[in-house]
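Trainee: Given the structure of chain A, go ahead and fit chain B onto it with the hints provided.
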Amino acid sequence: MQKGYTLFWLLPALIALVIYPIVTNNVMLRETVFLILLSITLSISLNIILGFTGYVSFGHIVYYGIGAYFAFYLMYAYKVSLIVSIVLGGLVSAAIAFVLGQAVLSLRGAIFAIATIGVNEAVKSLINNISILGGAMGLYFDFSIYDNYGGALKAIWLSYYLMGTLTILSVIAAYYIKKSKFGLGLFSIREDQDASAVLGIKTKLYKSLAYATSAFFPAIAGGIFAFKAGNIEPSGAFNLVKSIEMIVMVMLGGYGSVAGSALGALFYEKIKSILLVMPYVKDLHLAVSGLILLIIVQFAPSGIVGFLTKYFKNLRKVLE
Amino acid sequence: MILKGTNLKLSFGGLVAVNNVSFEIEEKTIFGIIGPNGAGKTTLFNIISGVYKPQEGKLFFKDKDITNFPTYKRARLGIARTHQIVKPLSELTVIENVMVGACFGKKNYNLKQAQKVALDVINFVGLSTKMFTQAGQLNVAFKKRLELARALANEPEILLLDEVLAGLNPKEVDSMLNVILKIKQNGITIIMIEHLMHAIMKASDYIMVLDSGEKIAQGSPQEISNNQRVIEAYLGDPKLAMQLVGAK
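These protein sequence lines map, in sequence, to chains A and B. Read in order, the letters of the first sequence are residues 1 to 320 in the UniProt record's numbering. Read in order, the letters of the second sequence are residues 1 to 248 in the UniProt record's numbering.
Any given hint could be a false lead.
What the hints assert, rightly or not - Here are some chain A residues pointing at chain B (derived, C-beta under 10 Å):
{"no.": "1", "residue": "74"}
{"no.": "2", "residue": "188"}
{"no.": "3", "residue": "202"}
No lab work stands behind these hints, which were simulated from the structure alone. C-beta: ideal position from N, C-alpha, C; glycine also.
Chain A with its partners taken away, still in its complex shape (with noise of 0.2 Å):
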């Protein structure tokens, strides 16, 4: 597959994303971004198992909740620096979704989707009923543990730069992932994953490399969510909306698409900001989300990237 230009405009576009805040020094904007960014890397990530392999991980907000609760546990208990433990909590979450992978992946379509959402309420329950992990009630930092970072107000900026750098490696695994061997193979996997198998793609092994790189990403998210919001419960950890809201984004964006699954995130984190402020409804931006992915579904099955696209064949090369 050839390279496009993609990341010549979306790479310098986040970082300017990124840096806006810092150099205006907007505490709120940075809020904002924050949460921007997080959306971005989550859709970015489930659109390799999503948008790449043909799989609907429903419940893939599992990985960033174990990712979280590693991560957080790790420096809640034992003082582990903030870096290795969400790299460790990435790595953890990426090797239980490569060997759940293995049992779920072997599920397709509907059923697949329903069995991950089964994974995602089976840890959370669990986790409800560990007690050194606090139950349901969670786990909150003792400020101290930010002294190692110059206090709360530097460690905020820390977790802002982390996150930053997060989504920007996650799109760029994600490109090279979609321009390489692998994801050719994965590409061929959505398509007709009984024709891969003849054509000599090792199916299983792809499909769980695909769902692990997936789980990675988000779980380090939540590492550094949880550090900012110093802590961590159950019930936000693995919230199923969530999960929905990756999904939505995804498709907004266009399914397959590194590009699509950015604008995707960051558009709906802007009709989100809408809807929530309205003073007269509550929750609203949920049934917005419903609809939204039911007029996607319906009409442009392949989201805004696809639309563009399909009007504009130049644009190909661009929004891949």
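Mentor: Positioned in the frame of chain A, the structure of chain B alone reads:
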């Protein structure tokens, strides 16, 4: 001998799809398989390509027992196939489809090499005008060519062709047949299932006839076309047919 099957058997529930079938295939020949609908031809292909495991019997590739090899490993050995019901990777372009065959085939090419191979193969089967078309948008004749191109990109030693001529018009059949004969000249062993009698009689060196999962005959095209059992399998009982005609 490049491929050998001994006493292969596979049943689905009570239905015996392939029953006690043995065969030996010589290198660089075209081995035709014919038989009425439901004779077990495609099932036999599925056993050879590893989609199904036989319940009894063994399969040897160059004297190596491959009965328990998974599907992808057989592709890597150089056993490539086309599907009777075409399976294009619909949202990928033609060249990407063919590159998949090259990337994960016998030579395990990287993307760059695969692209080169894919270009050659696409030209060879006559798909060059459709190179950047999405596979799902091709018509049946081109989809069949794509199946063939993808299998060839594997650079296989054995090529399994499952009704690549079905659904083509006479002109397309002729040009496809030429492609198949050219593939044979390049030293690839071909096993083909075909319903078009004149085509398979013309192309094959040997023909095996299956009926209700069993092998009822094998021989040169000449022998097969004069074989009593084969005629019966295709037409029913010829004597009975004659009697009925005579009675009228």
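Trainee: Determine for every hint whether it applies to the structure shown.
Mentor: Against the structure, the hints:
1. A distance limit of 10 Å between C-beta atoms decides the matter here; for residue 74 of chain A the minimum to chain B is near 39 Å, and the interface restraint is violated.
2. A least Cβ separation of about 5 Å between residue 188 of chain A and chain B falls short of the 10 Å threshold, and the interface hint therefore holds.
3. A least Cβ separation of about 5 Å between residue 202 of chain A and chain B falls short of the 10 Å threshold, and the interface hint therefore holds.
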